[in-house]
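Visitor: Here are the chains, one letter per residue:
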Amino acid sequence: MSEEQIKNLETQFEARIARDEKIEPKDWMPEKYRKTHIRQMSQHAHSEIVGMLPEGNWITRAPSLRRKVALLAKVQDEAGHGLYLYSACETLGVSREELYEQLHSGKAKYSSIFNYPTVTWADMGAVGWLVDGAAIINQVPLCNTSYGPYARAMVRVCKEESFHQRQGYEIMIKLANGTPEQKELAQDALNRWWWPSLMMLGPTDAESIHTEQSMKWKLKRKSNDDLRQQFIDQTVPQAELIGLTIPDADLKWNEERQSYDFGEINWDEFWQVVKGHGPCNKERMKARVGAWEEGEWVRDAAMAYAEKKRNRKEKLAI
Amino acid sequence: MSDKKNWPLWEVFVRSKNGLEHRHCGSLHAADEDMALENARDVYTRRSEGVSIWVVESKNITASNPENNGEMFEPAHDKVYRHPTFYDLPDEVKHM
Ligand SMILES: [Fe+2]
Ligand SMILES: [Fe+2]
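Chains A and B, in that order, give the protein sequences. When you read off a place in the first sequence, starting at 1, and then add 20, the result is the number in the numbering used here. Under the numbering used here, the second sequence has 26 at position 46, and the numbering climbs by one with no breaks.
None of these hints come from the bench; they were simulated from the model. Quick reminder that beta carbons are idealized off the backbone N, C-alpha and C, glycines included. Treat the hints with care, as some may be off.
Stated by the list, open to error - Beta-carbon label-pair distances, calculated as ranges:
#1 B:ASN40 with A:PRO267: 48 to 58 Å
#2 B:GLU13 with A:PRO200: 32 to 42 Å
#3 B:GLU29 with A:GLU51: 27 to 37 Å
#4 A:ASP281 with B:GLU37: 55 to 65 Å
#5 A:TRP291 with B:ARG27: 32 to 42 Å
#6 A:LEU92 with B:GLU29: 11 to 21 Å
#7 A:ASN197 with B:ASN40: 50 to 60 Å
#8 A:GLN202 with B:ARG27: 25 to 35 Å
Chain A with its partners taken away, still in its complex shape (with noise of 0.2 Å):
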């Protein structure tokens, strides 16, 4: 193709989404819209897989039976949500198991929440309420998104998302209202988990890079800052109605703007965490590998058994 044919083809292209059109998986489209879905998508998978390795650590210790099976049940969607977006993701001709060894590798990334540590049983509700509080309002917008395979798989995950934020919220209100020491508990989760979830949303506008281009695509519909302002906004009187006290000496309401003032962000720290250095990368990178390593005898022999009942089934037919 001519570079001529292939302006015409992308201007088409562009005017096509901009009609709100969808593409779909066997449509022409730019490399670098494929690449850049390619990218966004795992990534998105990868966090969805790793994310269940934080609260996976808590399941055999939940308090109690209703709390076990919630925990189970959640763990569960979100193994589901990272098989969706990789399915999603293999409609642009990329193989599961190179998308696997980019995790492994550490060639792509997940989301930084992911390597903080859960000590406490409310780190379970306070991950509920704010991790997944944080990524519903992150997902919400991309069930509109232009590529097909990619809105229709988060129309799934954002219909299963509710329950994740509301049982998280409620072990947050249960701990609330207990004893002083299960409150100071609940206390201590927010502390902890209130910056890296308002980093969750991204680098303020002014360094984020993508940003234009994924307006295009309909990949990012608001700016990283308007997300964020909007999760500070639902979730400050969220704390205040179970009396807990938002981690923020800076936060004050600002009447003109009718929004939350804040105060400063770490990016240091969020950048720290991105590049490799947060307290448990390297645990959540040693689990994800040694369960894929641990278990290729298992897969090995179900493809072993599966040849042997199809020889057997053949041989039958003879």
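Since the structure of chain A is provided, determine the placement of chain B with the ligands on it from the hints.
Guide: Positioned in the frame of chain A, the structure of chain B with the ligands alone reads:
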């Protein structure tokens, strides 16, 4: 890793309730059709989204190519006589 060792890809179709058609809802990897069905149940019907599941190995699907959409679908565009509104009837005619 050789290709042979990897679990193949399957497309999953779910009927949400009797009376409705099976609908494509995504894909997954599994060693064989039995495992594909079980995985499909766990991945796509955790909240009773289905009463029946079809799985088909992705490589067995033949798909039309959107680049040929012209010759594939355009012949239907100028056949307006396939639609009821093409026919002129007097206003007095009822129930037609
Ligand atoms: Fe999720
Ligand atoms: Fe979630």
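Visitor: A separate judgement is required for each hint: does it hold in the structure or not?
Guide: Do the hints match the structure? See the list:
In this structure the supplied range 48 to 58 Å holds for ASN40 of chain B paired with PRO267 of chain A, their Cβ-Cβ distance being about 56 Å. Taking the beta carbon of each, GLU13 of chain B and PRO200 of chain A are about 57 Å apart, not inside 32 to 42 Å as hinted. At roughly 35 Å, the beta-carbon separation of GLU29 of chain B and GLU51 of chain A lies within the given 27 to 37 Å, and the hint holds. About 56 Å separates the C-beta atoms of ASP281 of chain A and GLU37 of chain B, a value consistent with the hinted range of 55 to 65 Å.
Separation of TRP291 of chain A from ARG27 of chain B is about 39 Å and conforms to the stated range, judged on CB atoms against 32 to 42 Å. Between LEU92 of chain A and GLU29 of chain B the Cβ separation comes to about 19 Å, which falls inside the hinted range of 11 to 21 Å. A hinted range of 50 to 60 Å holds for the C-beta pair ASN197 of chain A and ASN40 of chain B, which are about 57 Å apart. Between GLN202 of chain A and ARG27 of chain B the beta carbons are some 31 Å apart, a value that agrees with the proposed interval 25 to 35 Å.
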